[in-house]
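Residue numbers (my numbering), protein chains in the order written: chain P, 44 to 232; chain V, 60 to 264.
Do not take every clue at face value.
[Said to hold, decoys possible] Straight line, CA to CA, 30 Å or less: simulated DSS-like cross-link-like pairs of lysine-lysine:
| id | chain 1 | residue 1 | chain 2 | residue 2 |
| --- | --- | --- | --- | --- |
| 1 | P | K78 | P | K143 |
| 2 | P | K143 | V | K73 |
| 3 | P | K143 | V | K119 |
| 4 | P | K144 | V | K119 |
| 5 | V | K73 | P | K144 |
| 6 | P | K144 | P | K78 |
| 7 | P | K78 | P | K138 |
Worth flagging that the hints you see were computed from the coordinates, not collected in a lab. Fair warning: this is a prediction, and the values are worked out from it, not measured in the lab.
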Amino acid sequence: MTYFALIFTAVFINNMALTQFFGVGILLFAPDNQKQSLWLSAALVVITTLSAAVCYLLDILLRVWDVHFLTLLIDVTVIAIIVEAAVFVLRRIAKSCFSKKQPLAGWFVSNATILAAVNLATQSDYTFSGALASAASAAAGVLLVMALFTAIRQQLLLADVPPSFRGAPIELVTLGILAMAFAGFLGIS
Amino acid sequence: MRPLHFFTESIIRKNPVFVMLLALCPAAGMSAFLSDALMLGGLTCGVLLFAEMLMALLRKVIVPQARLTVCLMIVAFLVTVADMMMQACLPVQRERLGLFLPLITVNCMVLHGMNFAARHTVSAALWHALGTGIGFWLVMALVGTVRELLGSGSLFGYVIYPSQFTIPVIAGASGALLVLGCLMALFNHLLPEKRTPAIPKYVDP
Numbered sequence: 044m045t046y047f048a049l050i051f052t053a054v055f056i057n058n059m060a061l062t063q064f065f066g067v068g069i070l071l072f073a074p075d076n077q078k079q080s081l082w083l084s085a086a087l088v089v090i091t092t093l094s095a096a097v098c099y100l101l102d103i104l105l106r107v108w109d110v111h112f113l114t115l116l117i118d119v120t121v122i123a124i125i126v127e128a129a130v131f132v133l134r135r136i137a138k139s140c141f142s143k144k145q146p147l148a149g150w151f152v153s154n155a156t157i158l159a160a161v162n163l164a165t166q167s168d169y170t171f172s173g174a175l176a177s178a179a180s181a182a183a184g185v186l187l188v189m190a191l192f193t194a195i196r197q198q199l200l201l202a203d204v205p206p207s208f209r210g211a212p213i214e215l216v217t218l219g220i221l222a223m224a225f226a227g228f229l230g231i232s
Numbered sequence: 060m061r062p063l064h065f066f067t068e069s070i071i072r073k074n075p076v077f078v079m080l081l082a083l084c085p086a087a088g089m090s091a092f093l094s095d096a097l098m099l100g101g102l103t104c105g106v107l108l109f110a111e112m113l114m115a116l117l118r119k120v121i122v123p124q125a126r127l128t129v130c131l132m133i134v135a136f137l138v139t140v141a142d143m144m145m146q147a148c149l150p151v152q153r154e155r156l157g158l159f160l161p162l163i164t165v166n167c168m169v170l171h172g173m174n175f176a177a178r179h180t181v182s183a184a185l186w187h188a189l190g191t192g193i194g195f196w197l198v199m200a201l202v203g204t205v206r207e208l209l210g211s212g213s214l215f216g217y218v219i220y221p222s223q224f225t226i227p228v229i230a231g232a233s234g235a236l237l238v239l240g241c242l243m244a245l246f247n248h249l250l251p252e253k254r255t256p257a258i259p260k261y262v263d264p
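Using the sequences provided together with the hints, build the complete structure.
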């Protein structure tokens, strides 16, 4: 039950993209193509979970050695290495989906979701499995919003939007309305 | 191109938030109160300035394959320094910034600046960082003013009008995105010729 509460909270109530904004930047940079965005967000879940696992273990070491101020530096380096490795694997698995020139590492790294999820997982007194569950479900929340947003975006292409709202502004307003819907989940907690 | 050109260009014509769509996460998340928004904007500006300077100095030493990792480590180092200074001098404000301070490290705007610095001279990088930082700071000031005034009816914590006339949604999560979207549309409407087409393009240093 506690795990259910933890996962539900991370996916719906404290959604990384819509209630905490850590994933907002990347949503606008996400590819229009539904298949690509699903691959990317699935990879995001894997990367976040792996980074949380490694950083959680390293965090114990840092506490033992009393060099806790190095957390950020270590976390960021771990994330960068895991992202590079994951992009390498992703290009192999989904060969037909991504073109060679398409930059992927930057998309993952400039994405505050991973660092935020890792930070929350390691600093919040979770057990190891709890930290993993919270990181994975935080990224899964972004996956959910990304799937919704890519679908809405395709409808937006057909809509007759005023010229100054075309592009990013209407997408932000759309996200704002989605965020209102997610704010409804606050009642459950 | 003259280095000063990068400064003027990145304030309005290539504004980091309204045109380049970078750094939306702090612009949306930390703008409910004007003082927090200005503090985070100033810190990001400072980190960006030093990061671009270091990157431009080291650009011939770093091999392209390791650029992403090295550039993240440089920024993480600077953010750690900023964090420790904040904890020592302004602990109350540091608490209010919360997770958004460490997240300057993975700010798209900073990474974009590093990408620029890796290809330009030190003086060009410095002017670019200063322009981008000021552009971002101005946006934070604007969004912070609108949200605090409409959402909480105050400015810098001083009450301007009573709270029953405020719009609480604006201070909340969805209001941030709505305000940002509407301000971006206003920017496009006022300066249509300045607008570069908003093609989402993510950076890969």
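Hint by hint, here is what the structure shows:
1. P:K78 <-> P:K143: Holds, at about 16 Å.
2. P:K143 <-> V:K73: Distance ~28 Å between K143 of chain P and K73 of chain V Cα, so the pair holds.
3. P:K143 <-> V:K119: holds, 26 Å
4. P:K144 <-> V:K119: Measuring from Cα to Cα gives roughly 23 Å; hence the hint holds.
5. V:K73 <-> P:K144: At roughly 24 Å apart (the allowed maximum being 30 Å), K144 of chain P and K73 of chain V satisfy the hint.
6. P:K144 <-> P:K78: holds, 18 Å
7. P:K78 <-> P:K138: holds, 12 Å
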